[in-house]
Amino acid sequence: EAGVTQFPSHSVIEKGQTVTLRCDPISGHDNLYWYRRVMGKEIKFLLHFVKESKQDESGMPNNRFLAERTGGTYSTLKVQPAELEDSGVYFCASSQDWGPPQDTQYFGPGTRLTVL
Amino acid sequence: EDQVTQSPEALRLQEGESSSLNCSYTVSGLRGLFWYRQDPGKGPEFLFTLYSAGEEKEKERLKATLTKKESFLHITAPKPEDSATYLCAVQAGGGNKLTFGTGTQLKVEL
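Order-wise, the sequence lines are chains U and H.
Taking the working numbering, the leading residue of the first sequence gets 7, the next gets one more, and so forth.
Taking the working numbering, the leading residue of the second sequence gets 869, the next gets one more, and so forth.
These are calculated hints, taken from the structure and not from any lab test.
All the pointers check out, no bait thrown in.
Derived lysine-lysine pairs resembling DSS-like cross-links, with alpha carbons at most 25 Å apart: (1) H/936 to U/50; (2) U/47 to U/84; (3) H/927 to H/975; (4) U/47 to H/975; (5) U/47 to H/937; (6) U/50 to H/910.
Note that this is a predicted model, so its numbers are computed, not measured.
Model the full assembly from the supplied sequences, consistent with the hints where possible.
Following this line, the structure appears as C-alpha cells:
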C-alpha cells in the first residue's frame with residue numbers, strides 16, 4: 007500500500023512569490039492534516055480536512071495560507087505571498103477515521119520550503 | 869493549551885546499553901498519546917498509540933508506557949539502527965490534531 011506522498015520535496019523561492027505544495031493521502035483515508043516545523047521548533051498543526059471539508063483550521067498562521075482539498079482526494083497548500091518566516095518543513099498526514107484505532111496519523115516525507 | 873515536554877533533548881548510548889526517554893504532558897482530556905520515530909530527511913514514522921494510564925505496548929526493542937502525567941519509551945539493548953529522533957505527541961479534547969514535543973535525538977554507537 008502506498009504511503010502519503012508530497013510534492014515537491016524541496017522548494018526554494020524568493021520572498022513575495024507564490025508556492026503550492028501538494029499532498030496525496032493514503033488511499034481511502036478521509037482525514038488529511040497539514041503540519042509544519044520551522045527551524046529549531048516542534049512540529050505544529052496547521053489544519054485538518056475531513057473529505058473536502060475543513061474540520062479544524064485553528065493552526066493556520068494567517069490569510070497568506072490557503073488549503074484546499076477538492077473532491078476529497080489530494081490536497082494543496084498555497085502560500086501567497088511567501089515571507090521569510092514561512093521557511094520550514096511542511097508535513098502532510100492522513101488517517102482513516104476519527105476515533106481509535108483508525109485515528110493513527112501517517113506522515114509523508116515533507117516538503118522543505120526555503121524563502122530567500 | 870496542551871503542552872508536551874520531552875527529555876532528554878539528546879541521548880548517546882553504547883550498543884546494548886538500555887535506557888528510557890521521557891514525555892511529560894499537560895492536556896485537557898487526553899484521547900491518545902503517540903510515539904513516532906523520525907530519521908533525517910524523512911517524515912515521522914508511527915510506532916505506538918497509548919490511550920489510558922497503565923497501558924503498555926511493545927515492538928522489538930521498544931516498549932512504551934503511560935501514566936496520567938507522562939509516558940516513557942524504554943529501549944532495551946539498542947542497536948545503531950535505532951539511532952533517530954523520537955517524537956511524542958498528544959491528542960486531546962474534541963479534535964484530531966496532534967501536539968508534538970521537540971523530540972529526543974538518540975544516537976547508538978558501536
